[in-house]
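In case you want the letters, here they are:
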Amino acid sequence: MLTDVFTLAQAEKEERLRGELIGLMAHHRRNCPPYDRILAALGAETEPATLADLPWLPVRLFKTRKLASVPDDEVIRVLTSSGTTGQVSRIHLDREAAATQSRMLARTLGAVLGPRRLPMIVVDRSGVVGDRRSYSARGAGALGMVNFGRDHLWLLDADDRPDVAALKDFLARHGDAPFLIFGFTFMVWRYLYEVARDHGLDLSQGILVHSGGWKKLADQAVDNAEFRRRFAADSGLTRIHNFYGMVEQIGTVFLEGPEGGALYCPDFADVIIRDPETWREAPVGTPGLVEVLSTLPTSYPGNVLLTEDVGVVHGVDDGHWPGKRFSVVGRLPRAEARGCSDTYAGGRS
Amino acid sequence: MELQRLRNVFRAALELPDDVEVDNLEYRGIEKWDSLAHMSLVASIEDEFGVMLDTDEVIDLSSFDRARQILEKHGVVLSD
Numbered sequence: 001m002l003t004d005v006f007t008l009a010q011a012e013k014e015e016r017l018r019g020e021l022i023g024l025m026a027h028h029r030r031n032c033p034p035y036d037r038i039l040a041a042l043g044a045e046t047e048p049a050t051l052a053d054l055p056w057l058p059v060r061l062f063k064t065r066k067l068a069s070v071p072d073d074e075v076i077r078v079l080t081s082s083g084t085t086g087q088v089s090r091i092h093l094d095r096e097a098a099a100t101q102s103r104m105l106a107r108t109l110g111a112v113l114g115p116r117r118l119p120m121i122v123v124d125r126s127g128v129v130g131d132r133r134s135y136s137a138r139g140a141g142a143l144g145m146v147n148f149g150r151d152h153l154w155l156l157d158a159d160d161r162p163d164v165a166a167l168k169d170f171l172a173r174h175g176d177a178p179f180l181i182f183g184f185t186f187m188v189w190r191y192l193y194e195v196a197r198d199h200g201l202d203l204s205q206g207i208l209v210h211s212g213g214w215k216k217l218a219d220q221a222v223d224n225a226e227f228r229r230r231f232a233a234d235s236g237l238t239r240i241h242n243f244y245g246m247v248e249q250i251g252t253v254f255l256e257g258p259e260g261g262a263l264y265c266p267d268f269a270d271v272i273i274r275d276p277e278t279w280r281e282a283p284v285g286t287p288g289l290v291e292v293l294s295t296l297p298t299s300y301p302g303n304v305l306l307t308e309d310v311g312v313v314h315g316v317d318d319g320h321w322p323g324k325r326f327s328v329v330g331r332l333p334r335a336e337a338r339g340c341s342d343t344y345a346g347g348r349s
Numbered sequence: 001m002e003l004q005r006l007r008n009v010f011r012a013a014l015e016l017p018d019d020v021e022v023d024n025l026e027y028r029g030i031e032k033w034d035s036l037a038h039m040s041l042v043a044s045i046e047d048e049f050g051v052m053l054d055t056d057e058v059i060d061l062s063s064f065d066r067a068r069q070i071l072e073k074h075g076v077v078l079s080d
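In order, the protein sequences belong to chains A and B.
At position 9 of the first sequence (counting the first as 1) the number is 9 in the UniProt record's numbering, and the numbers step up by one without a gap.
At position 1 of the second sequence (counting the first as 1) the number is 1 in the UniProt record's numbering, and the numbers step up by one without a gap.
Calculated directly from the structure, the hints in this document are not laboratory data.
Heads up, a few of these hints could be off.
[Claimed, not checked] Derived SDA-like pairs: lysine to any residue, alpha-carbon spacing no greater than 20 Å straight-line:
no.	chain 1	residue 1	chain 2	residue 2
1	B	Lys73	A	Arg116
2	B	Lys32	B	Val42
3	B	Lys32	A	Arg95
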């Protein structure tokens, strides 16, 4: 049985995470010399008083440095993700870290999917995971999700055209009981929403899990609210869960709650929104840079990462699940991102 | 039920030769048992033994031995 991971009120979460993250910081300092040197150079405290005082790494550091806390011969997977600069993050997982990340991802998504594997539509083509030696980031994302489903339908053909006949066939077999839909946000919109609307398909039993951001939909003026509204109006699909996560904190996802509109942090993770000028924690309602915290990384020092995404906390302990409710609203413009990296303010505000 | 059936399922799903030893296999321990092959292995196990595995069992199915234990939980007892 899956145990719920959306249980802790903010104060209790912060107290627990602080202790665990201090322990992990010491673990990584012992086992990852470059990380230890960075923290030493920052003059990082060994026992920060609050989560916000923990030293962070800029997420792009994983693109330029090898940061691992396990010996090479214990690494079983190296995950990569391409970035806008063409540089690639390299994330080193040992057996335990690899197992933990898939277990915790399952527990997080289990909160909205339940323990059973549901018939599943993947809004992608099967070829995206076809070449086993060189998965694209897109392929790796899809592959991480297929465990949650059964009787998979890969919606797109080899030329990225939706297979409407196969979709109708899937819905005829599975459409009257809960089924899972996964895809990247812009692809779900382009290939599933439009097809469902144009063919009058009933997706009302679907549970959609999607990720990837809104940038590619901005020119169509589709944001999260509009996405939800139109899916509901034109296909009956209302169980929609966006999530936010990154390869540098693999297994940790921040998940949109059932009421829609805000992301929640699982018990083993949190976010802090920082003012990019002062690095201080931004108040509720004020946008800033998203820092992500998670206890999952044990084989590399990725527990506290400052992203280049802009987010805003909407409220604390006042939503469907306890803890912070937040949104990711965009990315820091590239020039500023470079400046931020050059400054590399590290963990002290 | 015969353990040999589970061995055959592993060999077929992971595209291994008929005579290869599979009792000590672990997930990602060999190149052919990757996350893609894992899904066909799970589907083959479900078909062969008429069971439906939950998400946590699919993730937990990290070795031949674990597969045997998970099947036991579903009332499928395999012996040599």
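Here's how the hints hold up against the structure:
no.	hint	result
1	Lys73/B <-> Arg116/A	holds (16 Å)
2	Lys32/B <-> Val42/B	holds (14 Å)
3	Lys32/B <-> Arg95/A	holds (17 Å)
When the structure is compared with the earlier hints, no violation turns up for any of them.
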